[in-house]
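Protein chains: 2
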Amino acid sequence: MRNFDYMTPTRLIFGKGVVDKKLPEVMGQFGKKILLTYGGGSIKKIGLYQKVLELLKDREIVELAGIQPNPKYDPSVLDGVRLCKEHKVDVILSVGGGSAIAAGACYDGDPWDLISYKVKAKAALPIVDIITLAATGSEYDAGGVISRTETNDKIGYIDPLLYPRVSFLDPTYTFTVSAKQTAAGIADAMNHTIEQYFAEDTTLLNDGFCESMLRSLMVNGRRCLENPEDYTARAEMMLACTYGCNRILSLGNSASGWPCHGIEHALSAYYDITHGEGLAIITPRWMTHILSERTLPRFVKYGINVFGIDATLDQWDIARKAIEETYKFFESIGIPMHLREVGIDGSRINEMAHHIAVNEGLDQAYVPLSEQDIVEILTASL
Amino acid sequence: MRNFDYMTPTRLIFGKGVVDKKLPEVMGQFGKKILLTYGGGSIKKIGLYQKVLELLKDREIVELAGIQPNPKYDPSVLDGVRLCKEHKVDVILSVGGGSAIAAGACYDGDPWDLISYKVKAKAALPIVDIITLAATGSEYDAGGVISRTETNDKIGYIDPLLYPRVSFLDPTYTFTVSAKQTAAGIADAMNHTIEQYFAEDTTLLNDGFCESMLRSLMVNGRRCLENPEDYTARAEMMLACTYGCNRILSLGNSASGWPCHGIEHALSAYYDITHGEGLAIITPRWMTHILSERTLPRFVKYGINVFGIDATLDQWDIARKAIEETYKFFESIGIPMHLREVGIDGSRINEMAHHIAVNEGLDQAYVPLSEQDIVEILTASL
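Top to bottom, those sequences are chains A and B. Counting in my numbering, the first sequence tops out at residue 382, every number present. Counting in my numbering, the second sequence tops out at residue 382, every number present.
Looking at chain A on its own, in the form it has when it is part of the complex:
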């Protein structure tokens, strides 16, 4: 086991009706001036926008709408930082986005200095979030992922200052999430788990946590798709997603390098595809690419404990079947499983592979990936 230094100081307020019950009191701890960040229409469609304004009608609220699924440095981060400074905002209430803005608001220079790790943030505004999509785990982690269009950069910006102080998780807010986005959320959270499971120095404990996550996400994810208003399934999926990126699944494991994320970030930076779909497409191809004598026992364990594959079969058959089951599960929940289906042809594979090899450090991953490896994984994903 590796040494670790760990803390997740976020308060999770979970369940039906929690925003009504506790939002005003929680926001009151952080001041009067609020930047409300959100994406498109869903916050209004589900009545959350109106509810928040009503609950916080005695506060001063500045709004930043239009945060995209792959949040953009320009305009979202830049606009958010400007608004925070102009209005002397005390706290960010995020219904999408907000992390990089919180840091940028307390920094005098270009927020890109922070996002690109050139400068370490010294402070950040407090963030409170209300989750409307079970997927990313941002409600319980210390950052966000920011895309910069002109340079095709997509960077996971992480700093302990960016843990949300409070996250509100009401599963009913996810009832109207489309089948496409629900499936992408399942795939995203499953991949978060897989990225931590395929590592060295794992423990029985962490392996078991990860296997439980995967089984739970598959069973409950399917139930959410079959009946989008199944509260129990939406709730369990929401809770499972919460653990995806806060390290609790892999404390003491060696670093795995999160290779599928490294590759997918380029796909969605270059083509702005749905992150969870990109991950689902990459994951089984990456698995096939890294299956070897060395990694075989991991795949066998994964196959038996996650998919219930017969442990008496030949080990290589178990491993191959496990990868096939992974692919078939993603396919069965409606994810387009080829890059071509999401608008990505082979024309920029070499360019993306080079970008990934230079920027993502995948030569340090669980199974080190060279630029050529990345080309092969992307080509197999077409």
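Each hint should be verified, as a subset may be incorrect.
Any copy will do: because identical chains look the same in the list, a pair fits if it lies in one copy or spans two.
Simulated crosslink set (SDA-like; lysine to any residue; CA at most 25 Å straight-line) [unchecked claim]:
| # | residue 1 | residue 2 |
| --- | --- | --- |
| 1 | Lys120 | Arg247 |
| 2 | Lys88 | Ala65 |
| 3 | Lys180 | Asn350 |
| 4 | Lys44 | Thr176 |
| 5 | Lys22 | Phe4 |
| 6 | Lys22 | Arg247 |
| 7 | Lys45 | Ile290 |
| 8 | Lys16 | Thr176 |
| 9 | Lys22 | Thr172 |
| 10 | Lys21 | Asp159 |
| 11 | Lys21 | Lys122 |
| 12 | Lys321 | Pro228 |
| 13 | Lys321 | Asn227 |
Since the hints were made in silico from the structure, they are not lab data.
Given the coordinates of chain A, assemble chain B onto it according to the supplied hints.
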């Protein structure tokens, strides 16, 4: 799933050598005057006492030794509170004990008011702890258990103010823990998990987390007993114990009432036995007592997923075998499995059962327990 409001703000600093690397810096965040609390000789035997004094030689350290395995209101809490007030202590460094002292030090009246929940604490001194025994989960929970001899009270005193700010967990400090205390620690942590697993409204996710905990504790616990200096086993056991009482295994489950703890607290209050041993003795008898048509599916799941019992057997056979395996595991790690073996005869069973029924609220447990039920469980444990 039930609604919940959850936060564990403790920083875990885990691994070999972490005290040397980070203790001075961490303590520096909280001030100059330190109350160092500890138990008996083990802190000196393993060299930790000398190390702490050396690392903190530029601070003012007040010492409170003699904290017992079942920490006492009188003298430990009373003495600790007095020392904190006299010396205007800034922070408690606990190598055993400390929680109730931290609250009492910031309260003008009798600390028993707080421990007995008559008065809610408004503040507490910060607590930093260094763990030398893998067992209780106090490194990642919000309280301690205090015994008051003259009234036979043993109360779990919990308040969010009492989360340790930082917990240092170096598995090498547990190398010299005796076989008896190692086994009691395994049983304690296993019971923490079982108390949460046997509940209503559990999820696939939480069930899987609990099952992983139990499998990991059994495998690694055995390894620790076979080879007390097996770092990997001691480390995994230490990490698993950390999750025992911080709710992460049961977020969203209905309250189970922690019935074995309710019963055991009376045993160790009346007879001052080792807590983990008391739990191990009670647990299988409690299981047998509550096995019914209603609870059968829980026991079946437990038997299959924790002990690998053949799922094709008759359900009642699986359940009974699961209870038998629980008993046999505790016995196999050297725990005396009868109350008589730890010095408890039947003479005070009725008195203890009455005390438990009045004070522990077990009529609200997963399977409600009356005074008569408690008498029967205790009698079966003789």
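These are the hints, each one checked on the structure:
1. Lys120 <-> Arg247: within (21 Å within a copy, 33 Å between copies)
2. Lys88 <-> Ala65: Classified as within; 18 Å inside a copy, 51 Å across copies.
3. Lys180 <-> Asn350: neither (29 Å within a copy, 61 Å between copies)
4. Lys44 <-> Thr176: within (12 Å within a copy, 60 Å between copies)
5. Lys22 <-> Phe4: between (34 Å within a copy, 12 Å between copies)
6. Lys22 <-> Arg247: So Lys22 and Arg247 pass the 25 Å test across copies only (21 Å; inside, 27 Å).
7. Lys45 <-> Ile290: neither (43 Å within a copy, 48 Å between copies)
8. Lys16 <-> Thr176: Classified as within: same-chain Cα gap 15 Å, cross-chain 48 Å, threshold 25 Å.
9. Lys22 <-> Thr172: Answer is within; shortest intra-copy Cα gap is 16 Å, inter-copy 44 Å.
10. Lys21 <-> Asp159: between (30 Å within a copy, 22 Å between copies)
11. Lys21 <-> Lys122: between (33 Å within a copy, 23 Å between copies)
12. Lys321 <-> Pro228: neither (30 Å within a copy, 39 Å between copies)
13. Lys321 <-> Asn227: neither (29 Å within a copy, 38 Å between copies)
Hint check: violations occur at hints 3, 7, 12, 13; the rest are consistent with the structure.
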